[in-house]
Each structure stands twice: as structure tokens, then as C-alpha cells.
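Asker: Residues per chain are reported as follows:
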Amino acid sequence: CTIDTFIQSIKVYTMPLPRRQLRRVTFAKVVDFARCYVSAVPPRQRRQEVPIFQTQDSNPLNFGDRDLGKVYVTPRQAFAEVFPHGLRTAFMKEVQSCGQAGILIRKPALDIINQLKKQNRFDTSLKFIINGPDGCGKTLTLAHVIQYCRRANWLLVHIPSVFQWVYSKQEVRHSLHDPQTFDQPDEAIQWLRNFRTVNSSHLATLKTCGRYTWGKAEITKAGSPLGNIVDQGLQKPFYATDAIGVLLKELAQSRGHKILFAVDEFNGLFGPTSVRDPDKQTLKLQSLNLVTHFQKLMNSLPSESSALVTALSRRGMFHNSSAGFGVRDLLPKWCLDNVKPYVSVRVEEYTEDEMTTVLDYYVHTKWLVSGYDHKRLIEIRFLAARKPLAVQQICATC
Amino acid sequence: EGKMALIQRRVWQSMLVRRLVVASACRCQASSSSGKELKPIEGSHVVPAAPSHSSPSLFYDELANKFINCMMWDGKKSLSARIFRNSLEIIKRQQIESRGDHVTDPMEIFRQAVENCKPAVGIVRIKRSGRTYQVPTPLPERRRRFLAIKWLITAARERGGHGMDNRLAAELMDAYKNEGAVIKKKIEMYKLAEANRAFVHYRRG
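Going line by line, the protein sequences match chains D and S. The first sequence lines up with residues 648 to 1045 when you count with this note's numbering. The second sequence lines up with residues 1268 to 1472 when you count with this note's numbering.
Treat the hints as calculated values from the structure; they're not laboratory data. Incorrect hints may appear among the rest.
Reference listing, derived: stretches of chain D covered by chain S, where coverage requires no fewer than 3 residues with Cβ under 8 angstroms from a Cβ of chain S [said to hold, decoys possible]:
1) 740-746
2) 1015-1023
Each computed DSSO-like pair below joins lysine-lysine, with the alpha-carbon atoms no more than 30 angstroms apart [claimed, not checked]:
3) 1034(D) x 1344(S)
4) 1013(D) x 1444(S)
5) 1333(S) x 1034(D)
6) 774(D) x 896(D)
7) 1344(S) x 1013(D)
8) 816(D) x 980(D)
9) 1333(S) x 1013(D)
10) 1022(D) x 717(D)
11) 1344(S) x 1452(S)
12) 868(D) x 896(D)
13) 1344(S) x 1417(S)
14) 740(D) x 1333(S)
15) 816(D) x 854(D)
16) 1344(S) x 1385(S)
17) 1343(S) x 740(D)
18) 1034(D) x 1343(S)
19) 1394(S) x 1417(S)
20) 1444(S) x 740(D)
21) 854(D) x 943(D)
22) 1333(S) x 1022(D)
23) 1343(S) x 1385(S)
24) 1344(S) x 740(D)
25) 1022(D) x 1344(S)
Beta-carbon label-pair distances, calculated as ranges [what the hints assert, rightly or not]:
26) 1345(S) x 731(D): 34 to 40 angstroms
27) 1344(S) x 1017(D): 46 to 52 angstroms
28) 1024(D) x 1468(S): 55 to 61 angstroms
29) 731(D) x 1425(S): 35 to 41 angstroms
Glycine included, C-beta positions come from ideal geometry on N, C-alpha and C.
Next comes chain S alone, as it looks inside the complex:
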């Protein structure tokens, strides 16, 4: 009897500690600027823990973190983050040096560049009676964001010049001004969607 009580007490203690740790992690996450709210699963007592990539830092930006992860090779996140930060610095210095009423905040330029690169429609391959059709379709937000990031990184890698930070900075500036290889790629996708407009009804069923 005493042994069972001891075991039960131990179990309750560990559950309490776990709840406290998780609750404090949730408080941290709630106070950050990421904006994602966690809700407890129906019927459970324990709130899930905060994801390990989020941070209460004022400088944490979810889009930037996603971009850095996509640019990363071999798990070398510090290198990827360093390249990204250097690109932001290059963009800012270019904007300051070309004196005028430009936007100088590099994070704003980055966000606007990604926004400009996001395609509104994409292509889905659908097979009907032995033939594959390229069917235009609206894309979910996460797919649009992924395509924009991937195109930017690919274009930066293929660009000529020294150093990924310089190339990425040039690519982001082009995208911000609605010029460059990535915007061209987006428009080609729109043209493809326009050309295959007739097959839109294939999406149903």
C-alpha cells in the first residue's frame, strides 16, 4: 500500500514538473513576435512544448529563419545565417550610400522581395485518359512561400559573382524592384497557367 502511494506520488511529481516546464516554454513563446498560438488538445492536461526553432528574441523573424534553413547545406546553419546577415548588411549599405528617400531597413526589403516573388497560381500535373495535362491551380500560402524562397536561393547560386552574400543581396534587391531572374520565372509560370487555362476543370474529381 505504502509502495503504491510512493510510486503514485512520484508519477504525479514528474507530471507536475513536466507541466511547469512546458507551461513556462509556452509563456516564452506566447510573448515572442512569432504570432503562432498554441491551443491544448481537447481532453488532454498537458500543453505541447514550444518548437525548438522559435525564440523570444526581438530579432527573431520566422520568414528569415525559414530562408536560412532552405539555404543551409549539411546542417551548417551558422554559415547559412552568416551569409544571410552579410547580405542584409550589403543591402543596407547600398541603400544608405545611394542617398535619397530609399527604404533602408534590409528586413523590410527582404520581406517585400519574397512577397514579390510569390506566384499566385501554380501548375499541377493531372493525368487523364493516358495524357498528362498541366493544370493551373491556386497555391496554398506555404507552397507560395516555399517557391519564392527556393527560386531566390537557386537564382542567387546560379548568378555570376564572388560570394554568396553578394549574389543573394543582388538577387533580393532585384526582386524588391520587381526585376530579375526570379520575377521572370514567376511570369513564365503565369504564362504557362494562362496557356493551359482550358484544363482548369480537370481539377475537379
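Bound-form chain D, shown alone:
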């Protein structure tokens, strides 16, 4: 900074000195002092040159209300470690091009995180259902919460997309455990693989309570690490869905270990499926083991040390005739009765400030190539109706 700006800043600054000392300190003395400082010492180097819309520190553990409306950036590799399956296609394209994942810090996510931080004082387990209009940031709010929990060393049980299970076109097999029901080995294996990537540090420390027999010969003894169950499922595809069921049962019984159950497209667990069995009949939800395992979990969450954070999705939902996107519109009554007490978290369109921050970020990462002035801002705001997804799509072609 130049010496003039430094002197101007001193003119505004009021020094908190006691009255008798104030008389001794004159403005001239302050200016002399400033001159020595500014000329002799080189200008203070900033630790990190970050743009104004970005947070200084990209650790989600440290975010507070002062970071509201700023973008925090995770490099692509670090992002893939937490989300090996990825998130929404449009967002992943942006991550791929820009080499980093920029997530805007918004109030719904910070509210959930603050509740999670205070969890020790509460008896019942915390359940959040993130809802809101389409394309407004429900999945990314969930992603922010997941990143916080990952940094805080929680165990993450994350279903990135229920619709991929429930509307799957992959093959389905009769379950070995219960022949009336059906397994989905491909989806189960992929989920177990991702689970192991994300939680590799926890799988060695957590131990099983019960003893499990797989088929005729193989046994997992009580007290063995949870990683054994995951490996069992990965090695034997026919047991993969059963392995998930066992895993969830063990996690539901565990005490003291912080677990986050994060489900995106939560309404998929309670609606009609389009999976067909080998006789080409559409299956009902109760016959799909993957779904029933997670449904059972809702009833038996360990209270002190876990939280359930879910996001609804109306986009991609088959047989949906509801015009609304609230919790009561997308989830049936019997589900809500099971999940009570829950907190409904609403994620809405961008505010004016968030809009400018996001456009600045897009200009910075060259997603919005041609830049923007006030007229363009107004036009983008109008065309997108301030919806985050629409803003990204409009900026994609500029």
C-alpha cells in the first residue's frame, strides 16, 4: 500500500489509549512512525493471494457466519477422495474443466453443520431433510455437510443417488439369504468400493459385534474389523448386498463413533421402482434388498453419535405427479412417521449477493469466458430466475 493510503487509514483509526497518554501522541508523531515503518520494512506478504469471493482457508471445519456467501475450493483429487462416485453431471463437468470444485457457502448448510457441532448435548439423533425447488443446490448443500464431516473424521455412509438403484437397468438376482427378495450385485459392489475408498481409516478400528456366516464355509467372527465384511462383499458379488445389510446393522449398533448417514434423492427409497426381475415383472420396493436395508436403518439410528442428512430430488423421479417440492409432497406419510422427528431444511434460489459472487467465481475459473457487466448480470438473473443450475447452464455457452 502506498504511504498516502496508510496515512489516511490512520486518520480514521481511533486508538484505544487512556486520556493522559492521548495528549502525548500527536498526529505528527504517528505519521513519522508510519513513514519509518513503511519505508524501512518491505510490504507485508499475504500468505495466500485469494480473490475476494473466495474463503481464505478451504477447511470446512473453520467456516463460520463471516464466510457466508463465499466460495470454498477443493482441488479435483481431494474432491474425488470424498466423492468417488461424483455428484450431479453438470457440476462434475465444471469440476473436470476447472480442475477444482467450488462450492458456495450458504445458510442452510451452515445451519446443519452448527447443529451437528452441538450434537453432544442432544439425546435424539439429528435428522435433516433438505428440500427446495429443482436445481437450487440441495445436492451441493449435502456435499458441503459431507465434506465437513469428513474433515471432522466422521464415518460417512453416503448414497450418492438412490434413483440409480431404484430405476436401474442392471441385472437383478434372487437373494441367497432370502429367495423371495432380490439383490443388485453391480450397484452393491460399486457402493462397497466407494465406501472403502472414503472410510479406509475407520474400517480397521471398528469391530463387528456379531458372528456372520457366508454360505456354507466362510465365517466372520465377532470382534473382527469391519473391513473384513466390506472385503467379503467385494470378493463375492453374490454376497455384496448382504454385506451391505450386515454393515449397516453393525453401524446401527455401534456406540461412540460419529457416523453420518447421507442420502441423496431420499424420496427414491419410498416410491415405485422400475427394476424388472428375470420374468420381466416390475419389482416392488420391499423386494429390493438394497432399499430395505436402508429403510430399516431409519428406524434404528444410534442416537448420540450419528446424524441423518438427506436431500430430496424431484428431478429424475419417475411417476411423479406432484407439483410441489416440499417434504410432504415428495415423501409418503408412512415414511414421515418413521423418520420423525426431522428438521426440514429449505434451499432456495440465489440471493443478489450470491449471484454476483458466483458470477465472479465463474469469470475467475474462465467458465464465464466473456466476463459480465451490469447489463449482463441483470439478463442472466432474469433468464435463470436466479436458479443456480440455470445460471451455470447459461454461463456454459458464454
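Go by the hints and put chain S onto chain D.
Answerer: Using the frame of chain D, we list chain S on its own:
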């Protein structure tokens, strides 16, 4: 007498409303970036209305609109526009990902690609004494633009690969770099014109 006055008043009112509507449409059009100025026809009071395809949007580009229309099948302009927008996005992402000092603005690449594909001379068939000659001729700007757009779209459709947006993006990138099937076609046309250079004088008369 009173009835005639009423009718005349009604006619003048409707003419006034029409003039106001047209004048406001012209104001909209004049403020857009299309650059085409409307002038009233000599002796008339009413300025013609703005064409329905133009728009005051900052993102409206006349060349892009023309391209989308040429690519359209069965009047499905939304599909054609979606393909075009996806192609632009693909081009932009390719340019961003290949880090360097590339031009990343997809609209600029599109404009330059069309410009590179425009042939300066074309061929006209002229019949003289029972024989048809292929005579080289300079082309008007609109014909050049049409040929460039048509060749680009045809080459994109014939190209191998999945999805029109991917193929179109690849075609535009090739044309931008002065490579590819369309530039080859342009050069063949130049060669044909060069070969038939002797018949240029047939254009007169």
C-alpha cells in the same frame, strides 16, 4: 354525419395504436446488437415491424440464429438450439482443459470457423451453344455464408461419432484451425474455379 365521424375516429385510433406498437418494437430492435437499421418506406407513415426472430437479448447472435435454423429438422428449433449450445460448451471445455493461451470464447471460435469456411469464389453453370460450362464467379456475402453453414452442418452429420453436439464441436474446431473436411471442400471449389478460369468471360451477356 355523427356516424361517419365515429368511424373515422375509430380508424384513426387503430392506426395510432398500430403505430405505437410498431414504434416500440422498432425501439427494441434498434437497441439490440443485430445492427440492422430499419428505414421507413418513402411516402408511408408507418414503420415496418421488427422481424420476429430478432431479440433485444445480449446473448442474441444473428449468425448463430441462422446456423440453428439451417440445422433444424421438422421445425424443432429447441432441439437444434440445444445441440448448438452443447457444442459450444464442449468446445469451451476442450479449450479450458488444454491449458495454454488458447481462445476460450466458443462464440469467437464459431464465428472464426464459419469465416474460414466461406469460399471467396463459386461456380455457376452457364449454357453456351449446347454445352454447359462451369464458370467461376464471385459470390455475394449471403451465398458465401450459406455455403459455409451448409457445408459445416453436412460434414458434422456425416462425421463418425456419437451425438450431433460432439460431431459439430469437432467440425467447428477443425474449421477454426483451418483443417478438416469443410476446408478441403472449399479448396476443391477453388481448384475447380482455377481449372475453369478460361470461361470467366462467359459471365458477361
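Asker: Give a verdict on every hint.
Answerer: Checked hints:
A count of 4 residues in the stretch 740-746 of chain D with a Cβ less than 8 angstroms from any Cβ of chain S is obtained; the coverage claim is therefore met, three being the minimum. A stretch counts as covered by a chain when three or more of its residues have a beta carbon under 8 angstroms from one of that chain; for the stretch 1015-1023 of chain D and chain S the count is 4, and the coverage holds. Only pairs whose Cα atoms come within 30 angstroms are accepted, and residue 1034(D) paired with residue 1344(S) is accepted, the gap being roughly 24 angstroms. Distance check on the hinted pair: residue 1013(D) and residue 1444(S) sit about 21 angstroms apart at the alpha-carbon level, within 30 angstroms; holds.
With a C-alpha separation of about 29 angstroms, the suggested pair residue 1333(S) and residue 1034(D) falls inside the 30 angstroms cut-off, and the hint holds. Note on residue 774(D) and residue 896(D): the hinted pairing holds, with a Cα-Cα distance of about 18 angstroms set against a maximum of 30 angstroms. A threshold of 30 angstroms between alpha carbons decides the hint, and for residue 1344(S) with residue 1013(D) the separation of about 29 angstroms falls inside it, so the pair holds. Distance hint between residue 816(D) and residue 980(D) is fulfilled; the C-alpha atoms sit about 28 angstroms from each other, no more than 30 angstroms.
Distance hint between residue 1333(S) and residue 1013(D) is fulfilled; the C-alpha atoms sit about 27 angstroms from each other, no more than 30 angstroms. For a cut-off of 30 angstroms, the pair hint linking residue 1022(D) to residue 717(D) stands: about 23 angstroms separates their Cα positions. A hinted pair counts as satisfied when its Cα atoms are at most 30 angstroms apart, and residue 1344(S) with residue 1452(S) qualifies at roughly 28 angstroms. Distance check on the hinted pair: residue 868(D) and residue 896(D) sit about 15 angstroms apart at the alpha-carbon level, within 30 angstroms; holds.
For the hint pairing residue 1344(S) with residue 1417(S), the CA-to-CA distance comes to about 16 angstroms; that is within 30 angstroms, so the pair holds. Distance check on the hinted pair: residue 740(D) and residue 1333(S) sit about 28 angstroms apart at the alpha-carbon level, within 30 angstroms; holds. Restraint check for residue 816(D) and residue 854(D): not satisfied, since their Cα atoms lie roughly 35 angstroms apart, outside the 30 angstroms limit. Using a Cα cut-off of 30 angstroms, the hinted pair residue 1344(S) and residue 1385(S) holds, with the two alpha carbons roughly 24 angstroms apart.
Pair hint residue 1343(S) plus residue 740(D) holds up; C-alpha atoms about 27 angstroms apart against a cutoff of 30 angstroms. A C-alpha spacing of about 26 angstroms is found between residue 1034(D) and residue 1343(S), which places the hinted pair at or below 30 angstroms, so the restraint holds. Straight-line distance between C-alpha atoms of residue 1394(S) and residue 1417(S) comes to about 26 angstroms, which keeps the hinted pair within the 30 angstroms bound. A threshold of 30 angstroms between alpha carbons decides the hint, and for residue 1444(S) with residue 740(D) the separation of about 25 angstroms falls inside it, so the pair holds.
Taking the CA atoms of residue 854(D) and residue 943(D), the gap is near 21 angstroms; set against the 30 angstroms cutoff, the hint holds. A distance of roughly 25 angstroms separates the Cα atoms of residue 1333(S) and residue 1022(D); the hinted pair therefore holds under the 30 angstroms criterion. Proximity of residue 1343(S) to residue 1385(S) is assessed by CA-CA distance (about 26 angstroms); at most 30 angstroms being required, the pair is judged to hold. Using a Cα cut-off of 30 angstroms, the hinted pair residue 1344(S) and residue 740(D) holds, with the two alpha carbons roughly 25 angstroms apart.
A hinted pair counts as satisfied when its Cα atoms are at most 30 angstroms apart, and residue 1022(D) with residue 1344(S) qualifies at roughly 27 angstroms. A C-beta distance of roughly 36 angstroms is found between residue 1345(S) and residue 731(D), which places it inside the suggested range of 34 to 40 angstroms. Between residue 1344(S) and residue 1017(D) the CB atoms are about 24 angstroms apart, so this pair departs from the stated range of 46 to 52 angstroms. Distance hint check: the CB atoms of residue 1024(D) and residue 1468(S) are about 59 angstroms apart, consistent with the given range 55 to 61 angstroms.
Distance hint check: the CB atoms of residue 731(D) and residue 1425(S) are about 39 angstroms apart, consistent with the given range 35 to 41 angstroms.
The structure shown violates the earlier hints numbered 15 and 27.
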